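Student: Given only the sequences and the hints, what does the whole structure look like? Please build it.
Each chain is listed here by its residues.
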Amino acid sequence: MEENVRGKMNTKSKSMAGSVEAILNKYKSGKREDLIPLLQEIQDDLGYLSEEAIVKTGSFLGMSTTKIYGLATFYDRFRFIPYGKIQIRICNGTSCFLNGSQSIINKIKEETGTLPGQTTRDGNFSYEIVSCMGGCCNGPIINVNGQYHTHIKAEQLPELIKKLKYVIEKD
Amino acid sequence: MEDIKTFLIDKVLTYESDTLLPETEKVLQYVRREKTDKPIIYVSSGTSSVIAGSEKTCDAIDTYIKENEPSAVFIQVGCTGPASYEPLVCIHIPGKNKLFFRNITEEKVEPLLNGVFHNDINEDDLAGQTGSKGFELWPGIPFMDELPFFANQKRVILNNCGCYDPESIEEYIARGGYRAYIKAIRHYTFEEVCDIIEKSGLRGRSGGGYLTGLKWKHALNTTSNARYLICNAKESDPGAFTDRTILESDPHRLIEGIAIASYAIGASNAIIFMRSGSDHAKNRLQKAIERARDFGLFGHNIFSSGYNLEITIRVEPGAFVCGEETALINTLEGKRGMPQLKPPYPTTAGLFGKPTVINNVETLMNVPLIMQNGPDWFRTLGTENSPGTKVFAMAGKGRLTGVVEIEMGTTIRTILEDIADGIKEGKEFKAIQLGGASGSFITAENLDTPIDYEKLRKKGIGMGAGGFVIIDENTCMVVANVSHAVKEREECSKYLRVLSENL
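In order, the protein sequence lines correspond to chains A and B. For the first sequence, this note's numbering begins at 1 and goes up steadily by one. For the second sequence, this note's numbering begins at 172 and goes up steadily by one.
Hints listed in this document are in silico derivations from the structure and should not be mistaken for laboratory results. Every value quoted in this text rests on a predicted model; they were computed, and no experiment measured them. Any given hint could turn out to be false.
[Said to hold, decoys possible] In the DSBU-like style, the derived pairs of lysine-lysine whose C-alpha atoms are separated by at most 35 Å in a straight line are:
1) B/K304 x A/K163
2) B/K601 x A/K153
3) B/K206 x B/K304
Tutor: This is the structure we're talking about:
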């Protein structure tokens with residue numbers, strides 16, 4: 001049951017200096033067009049783009065850090081702060097929107113007290129709004145650490161968040 | 172495994188005559204699983220099925236088979252179309268027609284399989300049967316293709332979706348796959364392939380409706396030492412999931428389409444540009460490409476034709492705007508995805524300044540079929556100016572949702588009333604949004620317009636790339652429109668900035 005509620009817990013550690021170098025070494029040619037795949041791979045590995053990783057990428061590609069920040073902030077998939085232990089994704093595709101995803105977003109905002117794309121101060125929760133997950137007939141949908149919850153209603157959320165908090169505390 | 176590989180390469184892929192030997196056909200029937208001596212259980216496993224709980228269904232079926240029916244085979248297939256029926260389970264008992272069961276969640280698995288294997292079928296979960304000659308009918312059970320959802324569709328490019336294991340290249344080849352590609356690279360010149368596609372009248376399915384063959388010729392006729400083909404699977408529009416369904420359900424046909432298109436323009440590098448967040452589709456595609464490479468369909472000097480091709484997958488880093496051609500090219504070059512004014516068109520100066528053709532997933536899916544069946548066959552489908560079919564992702568307030576394919580010329584009313592079966596909970600119809608947030612709204616007076624580029628354009632409606640969102644009386648149009656406009660506001664301002672800088 002517990003597994004059903006929380007999905008898989010984020011267990012990535014935050015300092016993985018070695019792994020950034022390992023990723024950089026894969027792109028031996030180090031051309032400009034490698035920049036985005038490189039950043040994507042680092043983010044997949046670390047969960048976010050740390051300052052250290054960006055500096056290293058910059059010196060590897062011979063680009064200024066400002067330029068890399070400029071590029072990374074243009075695209076909304078790049079994050080500069082780590083995910084929370086519980087990462088919630090809320091679908092706001094047209095179909096979920098028509099079925100009431102706005103009230104879900106508002107409720108989660110209220111319950112966690114943080115904004116989309118950010119992480120709560122205790123590092124427990126983060127959430128983001130995505131454009132269509134593809135379960136259009138089961139909306140509104142949220143995804144908690146990889147676990148889908150379909151036909152979710154705003155009034156179910158406080159209970160869910162409470163359960164998640166309990167799970168975090170137990171760990 | 173190696174045996175079947177050499178068999179397929181020698182007797183099917185590189186077999187010179189169009190009709191295969193009868194003994195080859197006999198083996199292929201088994202590879203296609205048309206003939207079987209064991210019961211087969213198919214479970215749909217696209218993203219929409221996973222969201223509806225198909226992973227747990229699969230686990231339950233696996234356990235059941237191990238305990239009760241060890242002879243049965245269990246296969247995960249792509250998405251058949253009706254998302255409202257997910258998880259969809261299909262059971263093929265040897266000698267009998269295939270049976271489809273809808274909404275089979277974890278707890279329904281055991282009673283269902285017990286019933287089927289002991290000839291006591293629960294009618295509540297039943298969706299229908301499909302079959303071919305020589306199989307025993309299930310009495311009193313409707314045929315799938317007679318259900319209004321399927322009867323009003325014309326499944327041409329989706330005909331493989333949900334029928335075979337998308338990770339099995341053997342099955343795709345047994346269904347006639349990759350033969351058109353091998354034939355093209357061995358026997359046709361670049362121009363001949365472009366000519367065939369131009370003659371078929373295939374038009375770009377991303378909304379613009381430009382003749383695909385003509386676009387290819389522009390790139391081919393530009394002198395250059397390298398050319399690129401990009402498959403645009405970005406699909407930015409909220410509510411559109413056609414490309415992803417295709418990638419998950421029939422990746423091999425897309426790869427074949429990409430390979431033929433690359434050959435037609437003389438490109439030795441093809442890139443598939445995917446939407447972020449569809450990991451399931453990406454994994455399937457990655458596996459499909461690896462399998463195809465294993466069969467020698469890519470790489471250096473493919474099947475001794477002298478043609479080289481490499482296909483890579485790139486995932487977008489998240490920007491609504493980078494589905495637009497010029498913005499997409501900037502993203503691939505490692506820059507900010509800002510759109511630029513055209514001309515120059517990508518066919519003259521695209522990726523790294525080289526001639527580049529950017530085609531939509533659906534467009535490329537048509538290519539292998541046209542090469543197989545000829546341009547005249549393609550002309551028999553659809554209308555005179557818009558031949559072929561169109562795929563839509565029905566979402567929103569329709570009673571049924573899912574991916575549908577209709578022949579061009581079908582009216583919007585047919586899709587709404589027959590295929591989608593009207594509005595959920597008996598509410599009144601308000602509008603249909605065609606083509607995502609920047610698309611058009613269709614109200615009741617335009618419902619009888621046929622799906623055809625010119626006829627829609629006359630009414631001021633854009634075809635869009637496949638979004639088909641049904642809106643009922645309870646939805647506020649301002650909110651429906653504004654919420655998404657706000658999301659894309661940032662992106663639209665990028666367009667405006669480019670425009671104003673160039674004024």
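Student: Against each hint, give a clear statement of whether it holds in the structure.
Tutor: The hints, checked one at a time:
1. With a C-alpha separation of about 55 Å, the suggested pairing of B/K304 with A/K163 is violated against the 35 Å cut-off.
2. For the proposed pair B/K601 and A/K153, the alpha carbon gap of about 24 Å is at most 35 Å, so the pair holds.
3. Pair hint B/K206 plus B/K304 holds up; C-alpha atoms about 11 Å apart against a cutoff of 35 Å.
In terms of the numbered hints stated before, the structure departs from hint 1 and from no other.
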